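The lines below spell out each chain.
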Amino acid sequence: MLARALAALRRRTRTWARKRHGIDPDPLLLSGRRIYIVPSSLGIAFALMLFAMFLGAMNYANNLALGLTFMLGALSLTAMHYAHRNLAGVHIRSAASEPVFAGQTARFRIALENDAKVARYELTIANEHGIAEPVRVEPGARVVLDLEVPAPQRGLLRLDSFEITTRHPFGMYRAWAYLNMDIRCVVYPKPGPRGLAPPPLETDTGGAQDTTRGDEDFAGLRAFHAGDSPRRIAWKAYAREQGLQVKQYAGTAVTSHSFDWDALSGLGTEARLSQLCRWIEDAHAAGRAFGLRLPGQEIAPNVGPGHRQRCLTALALFDEQTAHG
Amino acid sequence: MAEVSALNWRAAAHWPPALQRLVWVIGALALSVLPHASHIQAWVLLLAAGAAALRVAIEVKRWELPPKWLRGVLAFVALLAVLLDYRTLNGIDAGTALLVLMAGMKLLETRTLRDLTVIVFLSYFALFAAFLYNQSLLRLPYMLVTAWLLTVTLMRIHQTTMSMSVREAVGITGKMFVQAVPLAILLFLLFPRLPGQFWAVVPSRGAATTGLSDEMSPGNVSELSLSSQLAFRAKFAGTLPPARERYWRGPVLHDFDGRTWRRRRDPFISQGVTATGPTYQYEVMLEPHQRRWIFALEVATRWPTGRVMRSSDLQLWSEASIATLSSFRLESATTYAVSGPLPRAMRVADLALPGGRNARSIALAREMRERAGSDAAFIAAVLAKFRDEEFFYTLEPPRLERDSVDDFLFNTRRGFCEHFASAFTMLARAAGIPARVVTGYQGGEYNPMSGYLLIRQSDAHAWSEVWLEDRGWVRVDPTAAIAPERIERGIEAALTESGESLPGDFLRRNALLSQLRLAWDAANTFWNSEVVAFGETQQRWLLERLNIGDADWEELGIGLVLTLIAFFAIMSAYLSWRFRPRPPDPLAQIYEQLCRKLARHGLPRAAHEGPSDYVARVLQARPELAQQLAEARNLYVALRYGPRSWGPQLNRSELSRLKFIVNQLKV
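Protein chains in written order, with numbering that gives the first Met the number 0: chain G, 0 to 324; chain V, 0 to 666.
In isolation and in its complexed conformation, chain G is listed as follows (with noise of 0.2 angstroms):
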C-alpha cells in the first residue's frame, strides 16, 4: 500500500520534474538548483536516534552525553551538504549506446565527468527499471554507467527521464535529480524465423560500386595511422622514403543477395523487415555480399559491420515516423 503510494508519488515527481526543467542539453552540467534531498531511512533511523540521545542527555543533565549529540547531530547537517555537493557540478554527457534487437535489453551510456579538484564517490544513475553499481569520479575523470531499459520494439527507443544521484557520505541521505536527455538507441526489428529462404546470390554486372570502402581495386594512398593493418602498407612507398603510407582499395562485390521488400509480400510489415533481418544477419554471418531494397530506399550490395548496420538501421527506422519510447 504504502510502496504503491509512493511509486505514485515518485512518478508524478518524475512527470512534474519534467514539465519544471524540459529536454536538458546534452552535455549537461548539473546544476545545484535541480537536486533534491532526503534522509533516507537510515537517516530516519540516525535522527530518531538523536532524539533519544537528546532526551537522555537532557533528562540526566549530562553536558557531555548532550554535546556528543550535538555534535552528531551537527555532522548529519554537514554530512547533507556534502551530499549535495557530491552530485552538484557533474557534467552528464551520453555515450554511444550499442544497437540491440527487439526484444532485447537495450544498454544507454551515461558518461559522468568530474572537472573539480576533488572526487566524488558514490554516483550512480537509475530509473524505473533499475540501478547502476554507484562509481567513485576521480578529479578530472570520466566514468560511463550503463542504464539498461527492455526494448519491446523496433526503432528509435528513447531513454525516458532518469535519476542521477548518490547516498554520499553516510547513507543517511539520498541526493538526486531527474534528467531527462535526449538520448536514443535504435532498436533493429527482431529477426524472423529461419523458415524461408533468402533469394539466391545474384552476380552483379559492375553498375553498383562502393567508392569508399571494399577489398577489390586499389584506390589510392594515405597516411598510415596507428591501428591500420601492416598488410596494407605500401613497403614500396616507405622505401622510396615517401612516409609510412597506406593502400586504399574500392571493391565491387561480385555477386550478393539483394534483399527485396517487394519480394516478401503476403506478410505484414513488422513480419517483412523481421525477414529482411534474419537473411541480413544469416548472410553477414555468412560473410556474404547483400543488398537491401525499401521502398523508397535502396542500399547497395556490399559487406562488413558498418554495412550490416546500414541496412539494420535502415530496417529500425523504416517507416517511423515518431520514436516512440
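No wet-lab data here; the hints were simulated from the structure.
Here the structure is a predicted model, which is why all the values come from computation and not from measurement.
Treat the hints with care, as some may be off.
[Unchecked claim] Covered stretches of chain V, as calculated for chain G (at least 3 residues, CB under 8 angstroms):
1. 146 to 157
2. 401 to 414
3. 530 to 538
[Claimed, not checked] Only part of the chain G face toward chain V is listed, based on derived beta-carbon distances under 7 angstroms:
4. Ala6
5. Asn61
6. Arg135
7. Phe169
[Stated by the list, open to error] Simulated restraints, written as ranges between beta carbons of each label pair:
8. G:Leu220 - V:Pro16: 51 to 61 angstroms
9. G:Gly31 - V:Ser37: 47 to 57 angstroms
10. V:Tyr445 - G:Gly31: 51 to 61 angstroms
11. G:Pro26 - V:Gly609: 21 to 31 angstroms
12. G:Asp25 - V:Gln627: 28 to 38 angstroms
13. G:Arg141 - V:Glu553: 13 to 23 angstroms
14. V:Arg579 - G:Leu155: 37 to 47 angstroms
15. V:Val180 - G:Leu155: 51 to 61 angstroms
16. V:Val530 - G:Arg141: 44 to 54 angstroms
17. V:Arg138 - G:Asp25: 51 to 61 angstroms
Note that the Cβ used here is the ideal one computed from N, Cα and C, for glycine as well.
Given chain G, put chain V in place with the hints provided.
Below, chain V alone, put in the same frame as chain G:
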C-alpha cells in the same frame, strides 16, 4: 586455503569487501563498548564478543547465518538474562548491558549494509551511554577519537567497492568534524536548559558509594583516609576560613552500641541558628557519591531552599542523591548560637549509653567529672589526658576488643580521629554532657591556579560536639589535642610525625610534580565547573557577557535559527569553492582558439585529425601560412607531447610564444 588467507592481517586490504566491512564494524563496536568494561557484567561482554567471533567465522568459512527462529530465541534469552541479573530493564546499567547484547545479536543477522549501519549507530549510542557514567576530562580524548573512528567506519562501509582508503576516509571525516564542531558548540551553548529532570534517575548499582558512610566503627581499620580521590571542591567568594576552622559537616551520629556509632533515622525538633561571627559565601562542587549529603562548612546559614534542606542536627541534605557532579551555593558560619534549650528527645539520645558496656571508661568519666567541677573543666581535663599521657596518632591502629572504648583508653592507646572522637564522646556522655559524633571532612588543599579548595577522601575526619548549657553546641576535636598538626596542616603532616606515609605522597613532595598536579587539577576544575556543570546559570552568565541580557526561550530560539542559517550559508559557500572546476588547460585553450580561427575560414578540424594532419591539410589549401602554422604546430606538439608536457613546469615562454603566433595569425 582460501579461509586461511582471508584472515591474514597483513593482507587485510585485499580481503573481500564484505569481510572488511564486518571487521571494521566489529572494531568500532568494541571501541565504543570498551569504556563500559568496568561496570558491565562479564558474561554480557563475553556473549557479545562470542557473537562477533561467530559472525566473522561465518563470513570467512561461508557458513549460513543462524536461522531466524534461533536468533529470536537468543535475543529473548539475552533479555531474560539481563532482567534476571539486573532485576530491571530500566536504568543505565541494565540499559547498557541490553545495548551491548543487542548489538551482538544484531551482528548475527547482518546481511546488508543497512544492518551494519545500524550497528554503527548502536556504537554511537554506547559511546553516549559511557558519558552517563563518566564525564572526566581524562576520558575525553578517547571518546572523541572513537567518535571519529565510528564515523570513518560509517563512511568506509558505504563505499560500494570499499574503494576509499582508510587515510582518505580519516581525512574527509576529520574535515567534516572540524566543520561540524562550531555548530555543535553553538548549539550546546544556546540550547535552552531545563531545570530538573523528565523522569527519575534510577541510581546506578555499579557506582560504589565512595567516601563517608553513615556509620563509624573505630575498631575496624579504615581505608578511607588512604584515598587521595577528590571528594569535593569549594570556591569562596571572599576570604578563606583559616585552616583550623575548615570543618565540613557530614553525617551526625547519635546512637552508640558500644562499638559502632550510627545515624538517627527519625528527626528531632529543629533549633534556629544565628551566626555570631563572620559568614562565608562559597560554592561546593560535589563529586558524585550517590548519597544525599552536602558537605557545608561548619553550619550552613543559607542554602538554595527547594533543592536542599537542613536537618535538625545541622547537616545539609540534597533533595536527590548526588549522582552527577553537582554544585551548590551556600553561606556558612563557623561560630554560631542555637536558639532555645536542647530538645528533650535530643538530650535523651545524646546522653544514652549502651548498658553494661565500657564500664571502666564510664567509671573514669564520672570520677574525672567530679574532680573537674564544671563541664568545661571536664572537657579540658579529657583533652589534657589525651595530650599528656601516652596516646598516639596512627593510621594503622590495632583492632579493638568488644568494648572498644575501654580497650582503646586502657590498652592500645593508638588510633586516629575516629578512635579519639568515639572515646571522647562516650566519656562526655558518661559525665552527663549531651554529646554526639560529627563525621565529615577537615582541611583542604588550596589550588592557587583555580582558586578552589580541594577536599580529598583522605581529609575525612570525625570530631565531637557537646552541649554546654551556656554556650549551646560546641565543637571539640580530640584529634587536635593529640595531633594538632593534623588540623593545622593536614593529614600528611600528622603522618610525617608518626613515620607513616600516604599513597601519592611522593607527588606532593616533588615541587615540579606538585605544580603539574595542581595545573592538571586546575584544568579539571575548569572542565568540571564550566563544561560538565554547564547549565542555566552559566548560560545566563554567558549571554549577559554577550550583552544579550535577560534572554528567554524565544531569544535563544532565534539565536539557534540564526546559527543554523549561518552554518548552511558557510557550508554551501565553502563546499562550492572546494568543488570548483579546475581551470581549463591554457594550452588547450590556445589550440582551441587556433582551430576556431581556421574553421571560420572554411577549414574546420575533423574529429579524427591530430595537429600534424590538420596543419598539413590546411597548408595544402593555404600554403602562404606555412611559416606561422608550422611553428605553431611544432610548439604545440612540443608542449603537449614533449618530455615536460605535464604539470606546472609547462614552459612559460614557449606558451606565450604560441599565444602570440595564434593571435597574430591572419588568414
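A quick look at each hint next to the structure:
no.: 1; hint: 146 to 157; verdict: holds (count 5)
no.: 2; hint: 401 to 414; verdict: violated (count 0)
no.: 3; hint: 530 to 538; verdict: holds (count 5)
no.: 4; hint: Ala6; verdict: violated, 20 angstroms
no.: 5; hint: Asn61; verdict: holds, 6 angstroms
no.: 6; hint: Arg135; verdict: holds, 5 angstroms
no.: 7; hint: Phe169; verdict: holds, 5 angstroms
no.: 8; hint: G:Leu220 - V:Pro16: 51 to 61 angstroms; verdict: holds, 54 angstroms
no.: 9; hint: G:Gly31 - V:Ser37: 47 to 57 angstroms; verdict: holds, 49 angstroms
no.: 10; hint: V:Tyr445 - G:Gly31: 51 to 61 angstroms; verdict: holds, 59 angstroms
no.: 11; hint: G:Pro26 - V:Gly609: 21 to 31 angstroms; verdict: holds, 23 angstroms
no.: 12; hint: G:Asp25 - V:Gln627: 28 to 38 angstroms; verdict: holds, 36 angstroms
no.: 13; hint: G:Arg141 - V:Glu553: 13 to 23 angstroms; verdict: violated, 53 angstroms
no.: 14; hint: V:Arg579 - G:Leu155: 37 to 47 angstroms; verdict: holds, 38 angstroms
no.: 15; hint: V:Val180 - G:Leu155: 51 to 61 angstroms; verdict: holds, 54 angstroms
no.: 16; hint: V:Val530 - G:Arg141: 44 to 54 angstroms; verdict: holds, 49 angstroms
no.: 17; hint: V:Arg138 - G:Asp25: 51 to 61 angstroms; verdict: holds, 56 angstroms
Violated hints, in rising order: 2, 4 and 13; the structure is consistent with all others.
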